[in-house]
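Participant: With the hints as a guide, dock the two chains, each given alone in a separate frame, to form the complex.
Protein sequences, first through last, are from chains X and S.
If you're matching positions, the first sequence starts at 1 in our numbering and goes up one per residue.
If you're matching positions, the second sequence starts at 1 in our numbering and goes up one per residue.
By construction, these hints were calculated from the structure, which means they are not laboratory data.
Note that the Cβ used here is the ideal one computed from N, Cα and C, for glycine as well.
Check before you lean on any hint, since a few could be wrong.
Said to hold, decoys possible - Which chain X residues face chain S? A few, computed with CB under 8 Å, are given here:
id, residue
1, Gly40
2, Leu45
3, Gln101
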Amino acid sequence: DAGITQSPRHKVTETGTPVTLRCHQTENHRYMYWYRQDPGHGLRLIHYSYGVKDTDKGEVSDGYSVSRSKTEDFLLTLESATSSQTSVYFCAISEATGPEQYFGPGTRLTVT
Amino acid sequence: LAKTTQPISMDSYEGQEVNITCSHNNIATNDYITWYQQFPSQGPRFIIQGYKTKVTNEVASLFIPADRKSSTLSLPRVSLSDTAVYYCLVGTLRSNDYKLSFGAGTTVTVRA
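The shape of chain S in the complex, shown without the other chains (with noise of 0.2 Å):
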């Protein structure tokens, strides 16, 4: 599983975009790119997966450059209850034996 650097911590305001930036250096030519959400006391939830490019659904936008070394989670216009933490996930689709490797996450913190 390749290992994924993100920010501890990120402070945002009501109605401003965030941007979580993934580093994953050692990424497989199979691997593709998750992440998820956690409130505090609920189990993660699925937000968005890719592979390269952009990627974009009703709840955030995925940017992933061509080296795929990196990525990016944009959050648009966050709330309140986006208050959470955001894990980037780095594995490949194998039959059998896909594992997710959560790291630390990061923490981002919406304020009124």
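Same shape as in the complex, but just chain X (with noise of 0.2 Å):
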């Protein structure tokens, strides 16, 4: 399996809180993606890095930000958590563009 990691696995939160999710990799690869999947919409993507310092918004950014500093680390922020923003969040790496990415084990965010 690929080297990466999630952290934490689980969090409860209060709507307004702002909340970190950490995505390490051991693997060196390039590009790192978070999405978010909730029944009823399979996977959708939030943001994606192309190298340090290089991000871009995916399908479904408003209410996130991101940042990498570090190849290994990418960051998923809430500011302000919302309800809607209870989901299980999925870091994900890939070496190349292309349709070959490697998942980690997902974190479980809820927000009361």
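Facilitator: What follows is the structure, encoded as structure tokens:
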């Protein structure tokens, strides 16, 4: 399995609080992605990164920001969590652009 | 991104071959077809990718007809552990711009 870890694996937070999810890789892959998965919607891309400090928006980026200061870490921040952001968040990495991505174990976030 | 259509669910028994067909009528010339597998509480896992004709690996085979408007993922002799959601994706390899688009997928249930 690709060396991808996500932390925390589970989190419960209150509406309006800031939340940061971390994705860490040991593969030295250039590309990193954040997805959310909700029933009935499949996986949707939030943000992605194509290098250190190089990021771009995905399909559902509103309410989320990201940062990548090192190759191995990609952070997803919810500045002010809302109940609609309750979801399972997956980080993925890839060595090159293309369809073969490796996914982390996911973080289950509940916003009450 | 080309839209894909696949069955919502399929049932099978251990030892049988499972074939999942995906329709992608608007596939573009440069698009590749990719399949992912997702077990409960895990991130998706890349299974196979193809452009035309037939591709086979240790997990599955992918059949793509000449018009490329559909594709069929074939899982030989399934076991209980093949119970999962299978996603068909179609997209183009493009520098700095490859976004995976997951639909609802096909839930395959293998029974003893």
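Participant: Look at each hint and say if it fits the structure.
Facilitator: Hints and how they fare:
no. : hint   : in the structure
1   : Gly40  : holds, 7 Å
2   : Leu45  : holds, 5 Å
3   : Gln101 : holds, 6 Å
Checked against the numbered hints listed earlier, the structure breaks none of them; every hint is satisfied.
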